[in-house]
Amino acid sequence: MTAIDLATSPTKTIDARGSFCPGPLMELIRAIREGQVGDILAVISSDNGSRADIPAWVHKAAHELIGVYPHEGYDEIVVRKLR
Amino acid sequence: MQHVLILGGGVGGTLVANLISRKVKKQIDAGQTRVTVVDETGQHVYQPGFMYIAMGDQDPRSLRKPERRLLDDRVDLVVGKITHIDEAASQVVLADGTKLDYSELIIATGSRILPQSIEHFEQEAHHFYSVEAAQRLRRALDAFSGGKVVVGIASMPYKCPPAPLEVTFLIEAELRQRGLRDRSDVHYCSPIGRAFTIESVSQMATPELEKKGIELHTFFNVEAIDPERKMVMSLEGEELAYDLLVLVPPHKGAQALMDSGLAPQPGGWLPTDPRTLNVGGRENVWALGDATDLPLSKAGSTAHFEAPVIAERVAARIQRREPHARDSIYTGKVMCFFEIGDGKGTLLRFDYEHPPTPPTPSRLWHVGKIFFNKSYYRIVPRGRGGTIEKRL
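The listed protein sequences correspond, in order, to chains A and B. Its first residue numbered 0, the first sequence is counted upward by one per residue in numbering that gives the first Met the number 0. Its first residue numbered 0, the second sequence is counted upward by one per residue in numbering that gives the first Met the number 0.
In short, the hints are calculated from the structure, not lab data. Don't be surprised by glycine CBs; every beta carbon is placed ideally from N, CA and C. Take the hints with a grain of salt, since some may be wrong.
[Stated by the list, open to error] On the chain A side, residues computed to face chain B include the following (Cβ under 8 Å):
#1 R16
#2 S18
#3 F19
#4 M25
#5 R32
#6 D52
[What the hints assert, rightly or not] Here are the simulated DSBU-like pairs of lysine-lysine, each with C-alpha atoms no more than 30 Å apart in a straight line:
#7 K80(A) <-> K332(B)
#8 K64(B) <-> K98(B)
#9 K147(B) <-> K210(B)
#10 K59(A) <-> K229(B)
#11 K343(B) <-> K210(B)
#12 K251(B) <-> K368(B)
#13 K373(B) <-> K59(A)
#14 K343(B) <-> K64(B)
#15 K11(A) <-> K251(B)
#16 K59(A) <-> K11(A)
#17 K251(B) <-> K80(A)
#18 K98(B) <-> K368(B)
#19 K368(B) <-> K211(B)
#20 K59(A) <-> K147(B)
#21 K80(A) <-> K59(A)
#22 K98(B) <-> K59(A)
#23 K59(A) <-> K80(B)
#24 K251(B) <-> K64(B)
#25 K147(B) <-> K229(B)
#26 K80(B) <-> K251(B)
#27 K373(B) <-> K251(B)
#28 K332(B) <-> K251(B)
#29 K368(B) <-> K210(B)
#30 K98(B) <-> K211(B)
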């Protein structure tokens, strides 16, 4: 069981592996636009830049960063849509 | 009979058609192979010139040439709108019902702009992604007597990534030259956490923005325009007042590609192998230019460097030989000039493995861009650019 399973389960998982910055962030932004308040969105990214870019965007956009979970070859970044 | 069908007569489609016709000249002359370009208008347009309609004295008529004149005599041209690609039948269907069979399909359908997808965009915002829009922006700039200028990007990806930054620099310089700078604020809004997607270019551009008093707003993804309050709002919750609003409109791939199941919704970009340029693992379907989903600039330069790879691979299949190793792998090479304003520019040259290291902005690279724009029709579509590329 991974850390994310223990924390909460995502409403939607965005597999952005293979996409380079700012691709994973843009995928998250699209999902946030399409989603509902309270949705939990997990972005799976193999781009190291996402570790910094996505949390910074989440902070600016006033959503909640649930966590950044490192895996072998990729990170799982989990966000709750707050507004 | 083998039939190489090329969809789109832009930079990529035209160049790849000419390169293939040269490589398989014997097979064409022997009646064993045909090469056909399908284009909706039959007119080739040099789109990088649009910015100079708004920001210079570019004559729009010189940006357009009949596609037929740019194609090798061995290449056929069909003018028509593509409505469907029937993979099972290896056919492309046009709006008038014409069906074109193919054995090799090269997709160079580019990208399209959708300003109408943001409410009030067409009434309130300017852009420079068509002749008409660029002319309208020029008129708005002529009438501008000071105030708040906001330049932003509605969504990514979009054509010619440096263009909005270039336009910001050029507007700021123009306002200074016209004595309007003291009465104006200039804002640049970036959808990501820095001025430009590529870090090294951001590091070059950010001090230039600061030096020129242009305010940078990061993580500004345009969400809505309020025409009554003259405000542009971001998804992130920021609002900016404007007197002159310039926004890069949303872009998508060709509708026919989405309708035919080749390119996924909502963007419509073709899943393309970054090295071979095959589409979705299909051995006889290829893509280049804006139509791909590659993490590269949507720019004519990208198509320019992709075309020789597809030409070599397709020619090798026709001639039943192995492709030459040196020419058949795309390395992600892109090269473009970048205007900084005040008659200065720089050069972005990069590939998958090597980010750009832009030289110090100087007059040389601005002149280089102007020279390239003027020389485009003589060198690029017919594949005569090798010498210039080697010198840069």
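Verification of the supplied hints:
1. With its C-beta approaching chain B no nearer than about 12 Å, R16(A) sits outside the 8 Å limit, and its interface hint is violated.
2. With its C-beta approaching chain B no nearer than about 7 Å, S18(A) sits inside the 8 Å limit, and its interface hint holds.
3. Given the 8 Å rule on beta carbons, the hint for F19(A) holds: about 4 Å separates it from the nearest Cβ of chain B.
4. Interface hint status for M25(A): upheld, as the beta-carbon distance to the closest one in chain B is roughly 5 Å, under 8 Å.
5. At its closest, the beta carbon of R32(A) sits 7 Å from a beta carbon of chain B; the interface hint therefore holds under the 8 Å criterion.
6. Hint status for D52(A) relative to chain B: holds, with the closest Cβ pair at about 5 Å, below 8 Å.
7. Under the criterion of a C-alpha separation no larger than 30 Å, the hint pairing K80(A) with K332(B) is inconsistent with the structure, at around 38 Å.
8. Taken as a hint, the K64(B) and K98(B) pair is honoured in the structure, with Cα atoms around 26 Å apart against an allowance of 30 Å.
9. Annotation: proposed proximity of K147(B) to K210(B) holds, straight-line Cα distance about 18 Å (limit 30 Å).
10. Proposed proximity of K59(A) and K229(B) is supported: the alpha carbons are some 23 Å apart, at most 30 Å.
11. Annotation: proposed proximity of K343(B) to K210(B) holds, straight-line Cα distance about 14 Å (limit 30 Å).
12. A distance of roughly 27 Å separates the Cα atoms of K251(B) and K368(B); the hinted pair therefore holds under the 30 Å criterion.
13. For the hint linking K373(B) to K59(A), the alpha-carbon distance of about 43 Å lies beyond 30 Å, and the restraint is violated.
14. Taken as a hint, the K343(B) and K64(B) pair is honoured in the structure, with Cα atoms around 29 Å apart against an allowance of 30 Å.
15. Proposed proximity of K11(A) and K251(B) is supported: the alpha carbons are some 23 Å apart, at most 30 Å.
16. Restraint check for K59(A) and K11(A): the C-alpha separation of about 21 Å stays at or below 30 Å, so the hint holds.
17. With a C-alpha separation of about 26 Å, the suggested pair K251(B) and K80(A) falls inside the 30 Å cut-off, and the hint holds.
18. Taking the CA atoms of K98(B) and K368(B), the gap is about 41 Å. The hint is violated against a cut of 30 Å.
19. A C-alpha spacing of about 22 Å is found between K368(B) and K211(B), which places the hinted pair at or below 30 Å, so the restraint holds.
20. A threshold of 30 Å between alpha carbons decides the hint, and for K59(A) with K147(B) the separation of about 23 Å falls inside it, so the pair holds.
21. Distance restraint check for K80(A) and K59(A): the Cα-Cα separation of roughly 13 Å lies within the 30 Å cut-off, and the hinted pair is therefore satisfied.
22. In summary, the hint linking K98(B) to K59(A) is not supported, as the alpha carbons are separated by about 51 Å, beyond the 30 Å threshold.
23. Distance hint between K59(A) and K80(B) is unfulfilled; the C-alpha atoms sit about 43 Å from each other, more than 30 Å.
24. For the proposed pair K251(B) and K64(B), the alpha carbon gap of about 25 Å is at most 30 Å, so the pair holds.
25. This hinted pair checks out: K147(B) and K229(B) have alpha carbons roughly 10 Å apart, not beyond 30 Å.
26. Taken as a hint, the K80(B) and K251(B) pair is honoured in the structure, with Cα atoms around 17 Å apart against an allowance of 30 Å.
27. Distance check on the hinted pair: K373(B) and K251(B) sit about 28 Å apart at the alpha-carbon level, within 30 Å; holds.
28. The straight-line distance between the Cα atoms of K332(B) and K251(B) is roughly 23 Å, inside the 30 Å bound, and the hint therefore holds.
29. With a CA separation close to 23 Å, the supplied pair K368(B) and K210(B) stays within the 30 Å bound.
30. In summary, the hint linking K98(B) to K211(B) is not supported, as the alpha carbons are separated by about 55 Å, beyond the 30 Å threshold.
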